[in-house]
Every structure is written in structure tokens, then in C-alpha cells.
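Read top to bottom, the protein sequences are chains A and B.
Residue numbers for the first sequence follow the working numbering, beginning at 13 and rising by one.
Residue numbers for the second sequence follow the working numbering, beginning at 76 and rising by one.
The reader is advised that the hints may include incorrect statements.
To be verified - Okay, the calculated beta carbon distance ranges per label pair:
#1 B/385 x A/263: 17 to 27 angstroms
#2 A/263 x B/339: 48 to 58 angstroms
#3 B/462 x A/286: 45 to 55 angstroms
#4 A/286 x B/443: 42 to 52 angstroms
#5 B/155 x A/204: 42 to 52 angstroms
#6 B/462 x A/263: 12 to 22 angstroms
#7 A/70 x B/78: 33 to 43 angstroms
#8 A/244 x B/155: 53 to 63 angstroms
#9 A/354 x B/395: 30 to 40 angstroms
#10 B/78 x A/258: 55 to 65 angstroms
#11 B/387 x A/170: 32 to 42 angstroms
Stated by the list, open to error - The calculated DSS-like cross-link candidates involving lysine-lysine, where the alpha carbons are at most 25 angstroms apart (straight line), are:
#12 B/142 x A/285
#13 A/285 x B/445
#14 B/445 x A/210
#15 B/144 x A/210
#16 B/444 x A/210
Worth flagging that the hints you see were computed from the coordinates, not collected in a lab.
Backbone N, C-alpha and C define an ideal beta-carbon position, used for all residues, glycine too.
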Amino acid sequence: MKIRYQINIRLCLLSVVLLGFWPLVAYPQEAGSCAEKLANAQALFDRGQVEQVPVMLRECLKDGFNREESLAAYKLIIQAYLFDDKLEMADSTMLAFLKKNPEYQLSPTDHSSFVHLFNNFKVKPIVQIAVHLGSNMPFVTFVTPVTTASEQSSNKYSAELLNLYTSVEARFAINRKLELNVEVGYSQLKFINEEIIKNDDVEHDFISYTESQKRLEVPVSATYSFKNFGRFTLYGRLGAGAALSFKSTAIASKASTDLNAYGILSGKELDLKDSRIPVDFFTQIGAGIKFKTPGGYFFTEIRSNFGFRNQTVRGGSTVDELRSYYGYVDDDFHLNTLNFSLGYTLLFYKPSKIQ
Amino acid sequence: MYRKYIIAIIVLLLSSCEKSPDTSDGELKYYGDSFEDIGYTIAQVDNGYFIGGQFTALTRVGNIIVKEKSIKKMAVIKTGTDGNTVWKRSMGGRFPAVGTKILALEDGSVVCTGYVQDTLAPYSKNLLVVKLDADGNTILEKIFKSPGNQYGTDIINTPEGFLVLGSTDVLREPSTVYTGNAAGKKDILLVRLDNNFGSIVTPFATGFIGNDEGVAIKSAIGGGYIVVGTTDRSLPSTEQAGNNIILWRIRSDASVIEYRILGGASDEYAADIEVLTDGYLVVGNIGTEATGQLGYAWQVPSNISSETIPGDTINIELEAKIKTPFSIKAMCPYKTSLFLMAGQFSTGLSARMLIFVTDDSGNMVEGKKKVIGGTGTQAANDVISDNEDNIIAVGKNSFENNSMITLYKFRF
Chain A
13 MKIRYQINIR
23 LCLLSVVLLG
33 FWPLVAYPQE
43 AGSCAEKLAN
53 AQALFDRGQV
63 EQVPVMLREC
73 LKDGFNREES
83 LAAYKLIIQA
93 YLFDDKLEMA
103 DSTMLAFLKK
113 NPEYQLSPTD
123 HSSFVHLFNN
133 FKVKPIVQIA
143 VHLGSNMPFV
153 TFVTPVTTAS
163 EQSSNKYSAE
173 LLNLYTSVEA
183 RFAINRKLEL
193 NVEVGYSQLK
203 FINEEIIKND
213 DVEHDFISYT
223 ESQKRLEVPV
233 SATYSFKNFG
243 RFTLYGRLGA
253 GAALSFKSTA
263 IASKASTDLN
273 AYGILSGKEL
283 DLKDSRIPVD
293 FFTQIGAGIK
303 FKTPGGYFFT
313 EIRSNFGFRN
323 QTVRGGSTVD
333 ELRSYYGYVD
343 DDFHLNTLNF
353 SLGYTLLFYK
363 PSKIQ
Chain B
76 MYRKYIIAII
86 VLLLSSCEKS
96 PDTSDGELKY
106 YGDSFEDIGY
116 TIAQVDNGYF
126 IGGQFTALTR
136 VGNIIVKEKS
146 IKKMAVIKTG
156 TDGNTVWKRS
166 MGGRFPAVGT
176 KILALEDGSV
186 VCTGYVQDTL
196 APYSKNLLVV
206 KLDADGNTIL
216 EKIFKSPGNQ
226 YGTDIINTPE
236 GFLVLGSTDV
246 LREPSTVYTG
256 NAAGKKDILL
266 VRLDNNFGSI
276 VTPFATGFIG
286 NDEGVAIKSA
296 IGGGYIVVGT
306 TDRSLPSTEQ
316 AGNNIILWRI
326 RSDASVIEYR
336 ILGGASDEYA
346 ADIEVLTDGY
356 LVVGNIGTEA
366 TGQLGYAWQV
376 PSNISSETIP
386 GDTINIELEA
396 KIKTPFSIKA
406 MCPYKTSLFL
416 MAGQFSTGLS
426 ARMLIFVTDD
436 SGNMVEGKKK
446 VIGGTGTQAA
456 NDVISDNEDN
466 IIAVGKNSFE
476 NNSMITLYKF
486 RF
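Construct the entire structure; sequences and hints are all you get.
Next comes the structure, spelled out in C-alpha cells:
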């Protein structure tokens, strides 16, 4: 009997002990939620137990917080280190914070110690990678007309509006307003030269010549931000570059205005590889507007490239066919483009402590 | 700060203004309208060139050419040195006409010979000679009406006026195997004209019973003139056959001193003659147009009766084992001791303008050959060179029923 009572008493004591420890077991289970940990860490910080705060939050910083929680956690850890006089740890945590949130703007609720340390750091964009997609409208200048017409002739250059232009650009900030840019772009240029040849003031031949060029353009330019309107920024661009032609072709036709003279003369596409300069150089001027988004900006831009060199190389293999069959001779001309593009720029920052 | 940017922009834009006109392809110009226009002859004046040939004067109703009312006319074109037309004239009056040889005179005027054709059967041709002043005003236009067919092929300046080399097919008697000319067969025709195109004597015809056609006349070494042409006479007949080259040495009164027939068993056709210091360079073609011709050159001593006269085909494709047919149509002096040949490379729709340089033996100077043209048929019918060694050829560029007079100016 006495033994039975002893066993019951032991069970009761064990139960009490277990029940007494219940909250202790439950507490760590709730503390596994990063949100709770953040709340508890804040509580510990408020109670002055700052040394426990970084340990409590470190794991959650890796993958447990949403953006707002992450910001709060970093701030708490930094402040904890500052209070704990662990200045180096505070610096490295601020660096990690700024790497993750390079565009962070101080808020009025930020603690003064955090603000003080924040202001000891600078965050500069090391590079901006922009992608352009748009269209070229080619136009020619410095035209020295060359024609097979011995009397009057008139010609008119025109261009198609849609000529693919796409590029990738790296921008490097020189200062707050000025950026140096290096771009590599693929450019299609298609333009038309229509020539009317007269005899005794009567139009009798109509020559149509359409040239397509595909080229790689490598401009180096500087952009200067003129003015900000909220999240919009107006900027100008000035630069120079090289254009490497890798394909130039032409389609020509000739037709008589007389209905019973001869039919339309046309033929296969002509390869102008030896009739065009392989490399042109150009100056570039343009302007655009950009719209800031987190981590980058959208932009739209209009710019013009002015070719330096005469495009025509004499002595090409298509010269005879063009002038004998179509009555067409290349003018001397410079090829320029009016370029319209849309794009997005991604910003890559490098925070560092101000020495 | 802004000023620096503006200066930079201006500097960069100004640097884009480089101009580099380049005419290394030569200058090619076309003259004429739809249908058939052909350049046969070119001459140089101080400020440009005269081109002679053929226009087709078109009659249009709206955008339709009335073919029946469109007729060939002798074309005389004055161009600048850039080839652009200064003026152009269609000669021949109401008759169809063609110009075959043009001669620029020292006063800036121009003389052209050719023919007009009757518009009624038997549509016979009559010799035509015209003279225009430097501004294109007609000074003289004379049709030498005569039985049979007559046309001019060359004209030179003489102390008394002009000497026209032509062709006639009038019966000349006594017509035997050795004398005279059969009706309808070609004789060479020499017409001495004064400066007003008045006939100094009755036009003089010579040749054999068959076809004899003069193509070019030059002042001969030792006085008088030398004529080159094509004859179907073979002499000796054991060594020659078909068409051969014939040279006539004539006095200043156009009477024949002597003749010489060159050639072999193949057909040979004369194209032109140039005077050397000690003889003549005669060029022509061997073979027929149908089977493919090759240019041929003979070095003829001043004594055209010399026993042997060397001649050979001109090799313009030094490396090729199978030679592309080509023909020579004209020749002119080039630089100090060289000659320019103009003609046609290949045949049919592959035919192209051909210009090349030879020495005084007719050997092509390596690397001095130009073949130009594209789809269609091209030919150079005459060539000249100026004091700056520019080469100016005239001819035609044709495709389907459209042919244009072509002027091509370039330098080697």
C-alpha cells in the first residue's frame, strides 16, 4: 500500500515538474518564427541585453525575413553592436545592409546611432547596365551626286521607319550628374535612293535603289543629367564611336516611263561588301528621359549619329552591274542615323565607408 | 561648363564634314531616250567632247511611243569634260540618218559624216556631211544624192577642205574579174570637199569586183593618204580566202598609188589604222562574229608592198588557255608610243566594253585592260585620249529594245 502511494506521489511530482517546464519548452518553439525572433530581439534590445540580439537574428537574415523585417533586423543588429561598442561589427553589418539595400533612404524614425553610422558610408553605383531596343531612321548628308544621266536628273533619299536597333550599354558614374558610357549595339539601316532621269525635259527612266546595312556600333559617350522632375530625369548625350559593317546589300530596279519601251529591269540582291567602307566613325548627340524604379530606371531616348566617312568605296564588284543594267552609280555620301530607343537600366552599387 | 560642351559639340560636328569624292571607277554617262541610240565616234575639243552616232527621235502619245513615227537621226552631242550634255542635235532633215565619224575642228566647230536613208523604196542611203559651230548651230548640212547606196565612214581635214572616206555600191565599168565593181557590191568612195562641202572633183570610187569597204583614212608617211578596209578579194588566192584586209595608198587627189591585201585563209576584217614613225599599225579582227572573233594587229612598213608583213592575234588574256572572243572597233594613240584599242569583249548578252593598251606592235601592255559592263550588251565603238592621259570611249549599252549612247571616261 505504502509503495503504491509512493509511486503515485512520484508520478504527480513528475507531472508537476513537466508541467512546470511546459512554458520553457513552448517558448523556443515560438521563437523559431523569424518575426517572433525579431520581436524578441527588439525586447532584449529594449531591456539592454544587446549582446544577444545579433546571435538571435543572424540565421533569419539569411532567408527568414521579408523586406521590412530585414531592414528592421539590420538596423537592430547595427544598433546592438554600436551599444555593445563592437564598432567593427557594426561597420561590417552596415556594409552588408547597404549591399542589400543600396538605395536605402533614412527615415525620421531611424535611431540617431544608426543615422550617424549610415552617414559614415557612401553608396556609389559602380556600373549601370542598360539594354536599348528601338529603331533607326537613316539619313544621308554630304552627298556628292554621281549619275549616269548626261542631262537632267533628280534624286531623293528616303528611309524606312522601322530599322532594328538593339544594344547593351555599360554606364559609369563620373559624378552625380555625369556618366561615361560604353555601348555595343546591333543596327540595321535601310534607305532608298530614287532617281528620275530626263531626256529633253521628259522623264524617261525611273531608278529605284534600296540599300540595307547591318552593322555593329560601338559608341562611347557621356550623359549629363540636366534636371529632375520627381522620379523623372532629363539627360543629354554626347559621344563618338565606330560602326563596323558586316553586311551591305542592295536591290535595284529600273523602269521606263514609256509603257511600250522596256519592262521593269530588276535582278538579284547585290552584295556591296567591297563597295562600302568596313568601318565608319561617328559622332553622337542625343537626349532622353529616365524614370527611376527600385534598382534601376526605365528610359526613352532619341539620338543621332553623324557618320564621318564617305560610305562609298569605288571599284567594287557590283559597280558595273549597277551602272550598266540599272543606270545607277553610288553617290558619295555620309550615312547618319536618327535613333529612337526604349530601355531599362540596372544599377549595381558598391557601398564603402568614408575614410 | 555649358560653353565647353557646346564647343565640343561644334568640334565633333565639324569633324563630320570630311568629303572625299572619288572617281576611280571612271565616269559613265548615257545619252538618248528609249529605243535605239548608239555612239559610234568621239572627238575632243578644248572644253569637252563631240559624240557622233545615232538617236532614235521618238514620237509619243502620252506614255506610248509611236514606233512608226520614231526615226533614226544622226546624233551630234557636245559634252563638257564631265560628260554632261552641253547641247545635242539630231541631223538629217526629214530623213532617217546616222553619224559614223566626227571630226573636231580647231575653231571649235565640228564636222560629222554618215548617211541619210530614203523613206521610200528602195530605201537607198546617201552620203551626209554636216558642220555645226561650237554652239551647235548648223553651218552646213549636205546630202550627196546619188544612185545606189553611199555612206561616209571616215573624214579627215585636208588643205583644200575635207576628204571623206565612204562606200558606194554603184556599178563601175568595165566590170570584170579584175576591174570595176558589180552593182550592189561595195566600192570604196573618196569624196574631196572644200570647206563649204562643195565637191572639188567627182567622187572617186575604187576597189574590186566584189565587196571592198574602207573603214579608216589617215595621212600617209611621205604624203598622200592611206586607207584601210576590208575586201573579199584574195591575193594570192592560194594563201588567202574569205575576207581580207586591204590597204590603199592614195595621192592627195584621191587617186590610188598602190594597194596591198593582207590576211590568210580565215576571215579578217579591218577596224582602224594609226601612223607610226616608220610605218603603220593596222588592227582588225580575225574570224566571224558568229563563230567568235579575236583582235588582230599587223605592223605595216611605210612601203606597203614589202614582201612580208608580220601580224598576229592580240593576246588580251595572258593566262587563259581558252580565249574569250573579242573584237576591236577603233584605235588611237596613247601617251608617247602606245595605242588604245576599243571594242567588245565576248558576245551577245555577255558582251562588254573593252579598252586596252598595246605597244606599236599590237602587244597588249600587261595590266592595261578594262572590261566594263553588266547584264545586257555593251560595246566601245571609238576611243580617244587627252593630254592628261584620260581615256574616253564611246559606244552603246543595250538591253532588249533599249540602247543608249555610252561615254566612259577613266584613267589607267
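Quick rundown of the hints versus the structure:
no. : hint                              : result
1   : B/385 x A/263: 17 to 27 angstroms : violated (52 angstroms)
2   : A/263 x B/339: 48 to 58 angstroms : holds (50 angstroms)
3   : B/462 x A/286: 45 to 55 angstroms : violated (32 angstroms)
4   : A/286 x B/443: 42 to 52 angstroms : violated (22 angstroms)
5   : B/155 x A/204: 42 to 52 angstroms : violated (30 angstroms)
6   : B/462 x A/263: 12 to 22 angstroms : violated (42 angstroms)
7   : A/70 x B/78: 33 to 43 angstroms   : violated (56 angstroms)
8   : A/244 x B/155: 53 to 63 angstroms : holds (59 angstroms)
9   : A/354 x B/395: 30 to 40 angstroms : violated (58 angstroms)
10  : B/78 x A/258: 55 to 65 angstroms  : violated (40 angstroms)
11  : B/387 x A/170: 32 to 42 angstroms : violated (56 angstroms)
12  : B/142 x A/285                     : violated (42 angstroms)
13  : A/285 x B/445                     : holds (22 angstroms)
14  : B/445 x A/210                     : violated (29 angstroms)
15  : B/144 x A/210                     : holds (21 angstroms)
16  : B/444 x A/210                     : violated (32 angstroms)
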